[in-house]
Amino acid sequence: MKTQFQFLSLLLCSLTLGLYSCSSDDDIIIEEPIESELVLDTTEDLVVLVGEPKDITILEGCGDYNVFALTPSLINIDVNDNVINILAQEIGKTQLIISDKKMNVKKLPIKVVKSKTINIEDDVDVVTFEVRKGNNDKKKIHITNGNNGYKISLDKKDLIDAKVINDSYIELTAHSQIPDESEANITITDQSGIEKTIKVIIKTTTVAFTAEDIENLKNQIVEKEEFFFQGIEVKGYSYTNAKIENSNQIGIFGRVSQGWWAPEYDSKMTIDFKGNREVGKIKDATITYENFPSKDYTSKTPLALNQFEIIKNDGKFITAIFSLIENNVLVYGHIVIKAQPNK
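The numbers in the working numbering rise by one with no breaks, and the one at position 303 of the sequence shown is 978.
Among the hints, erroneous ones may be present.
Said to hold, decoys possible - The calculated DMTMM-like cross-link candidates involving lysine to aspartate or glutamate, where the alpha carbons are at most 25 Å apart (straight line), are: (1) Lys871 x Glu846; (2) Lys729 x Asp753; (3) Lys838 x Glu908; (4) Lys871 x Glu858; (5) Lys729 x Asp739; (6) Lys918 x Glu898.
No wet-lab data here; the hints were simulated from the structure.
Using the sequences provided together with the hints, build the complete structure.
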């Protein structure tokens, strides 16, 4: 009896184990071998030049690679085994989508440029201005290489203005400053995000005409009377050219119309100096101007000129330069008038 009981107990345990094993058959997880993820020979966003072929190697993956670009017009693609050959066609940004037979996917951002740098004519990194006190001065820099779509940022807008001209030139306008020397930076950014920074040095000067300026005026072919004030030619004026005893007077007179909304007003300027009209520096010359060449410039009483010099007299015309500092502004100009005074 005891033996039978032991057998039944052993059988019951066996059945219990059998039932437990059958009930867990559906919970068995069969792990598949782990496939390699896609690994490329570059881990950074790719920058490629238009027309320059570039190879990308797939270092790890499961084969049967499929590759395409989100913007197909930018690049041509050819796949040879684990090497992706691309040839950029035009400027822009896209993504390369790479997949293998196990549906592993890799995205690679690509930027297509025609230049990896912005280049300035003569490799200019620093632009230096010598600005006449209280005035502005302009210069242009030529962009010889870049990706177009240029934008400009300035760190000191009170010192300099800048604008893009025809997507090829940057026009800089510098303002004279106190202290007499200041610095600013201009950053040029193209449509591909490539940047170029240029330092601008602004020096303020009280010299109205450099030796080069004077030489250029001397070499100028003179055929008519003309007048430049603050670097701008003043047109539409009549000239007087008189000699009173041993004094000379040169006058420029006109009438300025501001249109139907404002009345006309008289505009005039005279320079008085003693002596003859030979080439050389002349002392004690004075200038008087009223609304000349605009209402911003008026001094009805004579002002002493810091500089008045006849730099050329060819017998037909004389060329003279003048300057003075008034209200912390360097006022300057040059005049070409007949050598002989009117009778």
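Does the structure keep lysine 838 and glutamate 908 at a Cα separation of 25 Å or less?
-> holds, 24 Å
Is lysine 871 close enough to glutamate 846, meaning Cα to Cα at most 25 Å?
-> Within the cut-off at roughly 15 Å; holds.
Keeping to a limit of 25 Å between CA atoms, is the pair of lysine 918 and glutamate 898 held or broken?
-> holds, 22 Å
For the pair we were handed, lysine 729 and aspartate 753, check the Cα-Cα distance against 25 Å.
-> Given pair lysine 729, aspartate 753 holds - Cα atoms ~11 Å apart, limit 25 Å.
Between lysine 729 and aspartate 739, is the straight-line Cα distance small enough, at 25 Å or below?
-> holds, 21 Å
Are lysine 871 and glutamate 858 close enough, with their CA atoms no more than 25 Å apart?
-> Distance of about 17 Å is within 25 Å: holds.
The structure fails none of the hints (numbered hints given earlier).
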